[in-house]
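Engineer: Mapped onto the working numbering, the consecutive letters of the sequence shown carry residue numbers 2 to 431.
It is worth saying that the hints were derived from the structure and are not from the lab.
Among these hints, one or two may not hold up.
[Claimed, not checked] When the alpha-carbon atoms are kept at most 20 Å apart in a straight line, the in silico SDA-like pairs for lysine to any residue are as follows:
1. K264 / T386
2. K430 / Q344
3. K273 / K430
4. K273 / T403
5. K222 / A253
6. K264 / T403
The structure presented is a predicted model; accordingly, all values stated were derived computationally and were not measured.
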Amino acid sequence: MSTPTSAASAGVSTEPMPSVPTATSVSAGVSYEPVPLATATSSVSLAALKRKRSSSSLAGDSIEPVPTATADSSSSSFSSSSAPVSSSSSSSSSSSSTSSSASASSYSSTTHPPKRVRLNEGTATTSASVSPSTSSDHGDDDGDDDDIQDPWAMFDGWNTLGGPKCNKEFKWKTVQPDLVELFGADSSTMKQLKGRATGVNVGLVDDKAIMVDGPSEKVDKLLEIMQQLLVVLGPAPTNYITITIQGIDINAKMTALKQCVGKLARPVAPEKLHFSVGKTSGAWSAEQVCQLAHDLGKYLNQRTTALSSNTSFLCDEVAFTNINSNIQALGVVPSDSNSPAHQAIGELQDVLGGRSGLTMVTTPHVTILNKGKTKIVGSDLKDFTTAIATANGQDGFLGPLTLEKVVVSRSTNNIKSKNRGYFTLWEMKL
């Protein structure tokens, strides 16, 4: 039985990497630009994110994205990893019997019929970086709809916070529609926020600056709550479904890889390594993404066995290299097309199939290198190729691996960095 696990704190981003298939070691990259951020969507309460559910099948509950808005949206990332992109290229590695066609991109729309899955009733408690909710703001609570934790529960213990007086300002260069939607003076969310945040003054100035003053501990806590409200209730141009990995040799392998490539590429932080399953296309509402996370949790929770066995596997084959672009440098994949990773991704894609506006990865891979600051030319290309070959030892690029957890993340404003980052909305341990 799969068991839920707590998410990372609100200040930690989860930044999915794109998928880039290729039949050879080199493929041209085409960047993927996130869908513009919605400019006029109504504020969503947590109660609106819930609906009554019966034991009907999962995949038949289609999620219809709302029309794409036209407002500008920054795609700069919050962490050291590059912002998501998607590239087109030829088919996947020749060793895989399930490789895509020569013209296939890394993501393909779900065109196969949805897999009907009978669900057992059960609660899939989840993350969203908050403690278990004690709030009464649950709307029509049927005992099985709390799979996205209530950000308002983060106010528990508020009156015990103190500290010296301080004031903080976070100012963007342009108007931020998502901040206006949740934290504008007339929004219901901001009114509730001010009502609960006693002893603190908070406001959105000129639709592009958050200003907070009060006791330092309360100010810091309020900023965490506001960040989590953006993650759970705010609009997001992109949402990803990923599977993280773990292995005892990952840190050592990535350190050695960094030494091999030098300035030619940037290794991805070990804690960010993952397989992509799919991503949303078009502007999905917060309610739709939360429902998708709930459906995934319910499916995983009703299984009598884990999504994938604890059998380890190796990423011992190059999935792609993009050495002539400023996007990604290296993605790796198990040469065994029946690996636990391939099986888990395929099963989740079957479960999610039939939803409009959801595109799936066609070539499983883990991105381990991002483009470095130095352009790869001449002898550098030979050095880089040699470094890749050296990194792929007897136990692959990363050593023995197992699947860790399924994650749904959202692209949203990072209040403190004022960049767009990928934050964990929900996750469940496998």
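Engineer: Against each hint, give a clear statement of whether it holds in the structure.
Structural biologist: Evaluation of the provided hints:
{"no.": "1", "hint": "K264 / T386", "in the structure": "holds (14 Å)"}
{"no.": "2", "hint": "K430 / Q344", "in the structure": "holds (16 Å)"}
{"no.": "3", "hint": "K273 / K430", "in the structure": "holds (15 Å)"}
{"no.": "4", "hint": "K273 / T403", "in the structure": "holds (14 Å)"}
{"no.": "5", "hint": "K222 / A253", "in the structure": "violated (36 Å)"}
{"no.": "6", "hint": "K264 / T403", "in the structure": "violated (30 Å)"}
The structure fails hints 5 and 6 (numbered hints given earlier, in ascending order).
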